[in-house]
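S.K.: Hey, can you work out the whole structure from these sequences and the hints?
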Amino acid sequence: MIEVKGFSFTYPTGSRPALTDVAFEVAPRELCAVVGGGGTGKSTLAGVVSGTVPHLTGGTAEGVVRVNGRDLAETPLSGLVGEVGLVMQNPFNQISGARFSVREEIAFGLENLGVPRDEMAARIDPVLEDLGLTGVRDRSPYELSGGQQQLLAIGSILVMRPTVMVLDEPTSQLDAAGNALVFDALGTLKEQGVTVLLIEHRMERLARAADRVLVLDRGAIVAQGPPGEVLADERLEEWGVSPLRYTVAARRAAARRLWPDRKPLPVTLDAAAEGFGETAGRLYRGDRGDRGDRGDRGDRR
Amino acid sequence: MIIRIDSLTFRYPNGTTALDGVSFGVGAGERVAIVGANGAGKSTLARHLVGIERPASGTVEIDGRPTDRLGIAELARTVGFVFQNPDDQLHAASVVKEVGFGPRNLRFPAARRAELVESALRRTGLTAARDTHPHHLSLGERKRVALASVLAMDTPVVVLDEPTTGQDHASIVLLGNLVDSLAADGRTVLAITHDMDFCVEHFDRVIVLANGRVAWDGPVVDWPAHVADTADESLELPQMTRLGRRLGWAGPVTTVAGFLERLPAEAGPAPVPPGG
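Top line first, the protein sequences correspond to chains A and B.
Here the first sequence stands for residues 1 to 301, numbered as in UniProt numbering.
Here the second sequence stands for residues 1 to 276, numbered as in UniProt numbering.
Since the hints were made in silico from the structure, they are not lab data.
There could be a bad hint or two in this list.
[As the list claims (entries may be wrong)] Covered by chain A, according to a simulated footprint, are these stretches of chain B (three or more residues, beta-carbon under 8 Å):
| id | segment |
| --- | --- |
| 1 | 82–96 |
| 2 | 104–113 |
| 3 | 227–240 |
The beta-carbon is built from N, C-alpha and C at its ideal position, and this holds for glycine as well.
M.R.: Structure, rendered in structure tokens:
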């Protein structure tokens with residue numbers, strides 16, 4: 001459970017707040033996504049919820065952040081280890097550098113938590129399997145591709161079984177298969193009752209997987225709601241977020257009356273196919289909308 | 001051909017074969033996207049173009065000269081490489097110093113240097129951040145600093161490793177325009193990308209790498225059909241291609257513009273196969 005109330009934060013060298021009056025909650029079994037432009041405070045928010053900001057960064061904070069009921073201002077970072085997992089944006093910053101193989105790297109967190117050896121094996125192998133890393137288990141983390149390192153960084157946190165999981169763009173370097181593995185893993189976490197806060201730029205899977213989407217703009221939450229609502233908002237680009245092509249196509253089609261009236265703009269393939277299927281059916285029946293008036297002049301971008 | 005790769009094979013010291021007989025050529029002004037699974041050899045291939053790696057066998061020729069006979073400095077005049085991780089590349093105390101580093105090392109005259117730096121900052125949307133320390137920028141901004149520092153070297157070939165990663169909407173639009181304008185100026189752009197929509201909107205040609213080999217090489221319009229024919233799970237069709245297929249349209253659709261152009265003509269009651 002994550003609870004953030006009236007939270008503002010300024011970095012020690014910052015001239016303006018990185019976060020302003022942020023308030024939201026994420027419940028267990030909920031996947032809440034955070035989207036927004038570059039430098040709008042998303043990674044800072046990830047740090048706040050995982051306790052590294054301001055404990056490690058310094059700076060001035062106002063407001064309350066509670067994780068599983070504990071006030072983070074009064075909880076030392078060591079008290080959160082194993083309970084809150086943070087997957088950092090750049091896997092290179094996360095890989096310990098102290099271990100010689102992928103398997104040992106995944107074991108590293110468990111060693112530090114003092115997990116018995118036989119239990120370690122039972123926890124590590126399924127994580128390797130789920131993230132498609134079994135084939136590279138004996139390689140050095142530094143011999144992996146960027147995408148594989150990203151999966152390793154995720155695995156090294158998953159294996160500690162945190163009850164709150166914060167991921168800062170975990171799929172940025174992943175191919176479609178890796179992306180699917182990560183979202184499958186997140187789905188399983190949710191079922192297990194984990195609270196998930198996910199910062200993400202790639203919208204298609206997010207649109208299907210997220211229960212709720214928060215938009216951060218210049219350190220403030222400017223919108224929050226179900227993905228179908230937030231990701232179809234016409235202000236999305238102004239907020240620095242690329243809309244899905246499905247939404248763009250439907251919005252342009254709607255301007256030419258080629259998207260069904262009253263149907264919300266789609267953020268998934270299914271919804272787009274349903275809406276455009278209706279349009280095609282209507283055209284087939286001979287109802288050409290207002291195309292007769294506008295003809296084929298222009299608007300053929 | 002500004003780039004000519006012939007039977008390139010490369011093994012890492014641990015014995016892993018990263019590239020296995022790769023051959024292709026790229027002409028001036030071409031926009032080529034290199035796609036494929038994580039670990040397929042994409043970044044290793046890119047590293048050969050700038051001479052960071054040298055071929056175990058086979059040849060890599062840049063502008064008619066094999067890279068193993070060119071010094072790094074000479075290669076740097078021809079091929080600009082923007083790393084996947086900007087922190088592998090950035091070192092100066094301000095954005096403008098970072099961007100000026102390359103042209104200074106290439107000993108361009110001061111006036112040309114200033115012009116190249118300003119133009120690179122403008123094209124990457126960093127003019128306002130010129131005096132900022134790169135450490136105080138977001139990852140997406142640092143990636144654009146790395147890109148600007150390569151643009152300022154005015155190389156005929158620009159290689160981008162995952163350019164859209166971590167970028168917000170305005171920056172992705174800017175990057176797309178940049179790829180188009182570099183090619184229009186006759187410069188060659190190679191980009192490694194997982195962003196298939198970006199790929200179909202801004203590139204002419206796609207090369208698919210799989211297990212260190214060229215699995216497919218052809219014009220971007222033909223590429224969706226290839227992906228559909230293979231069961232390669234690492235590749236994802238562009239959104240509009242999947243929508244067109246779901247609606248039962250024949251032939252490829254890749255972009256929003258292409259989709260909307262065909263929509264009025266697709267007047268059949270579309271079959272909607274589940275999960276298709």
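S.K.: List, from low to high, the hint numbers that the structure doesn't satisfy.
M.R.: 2
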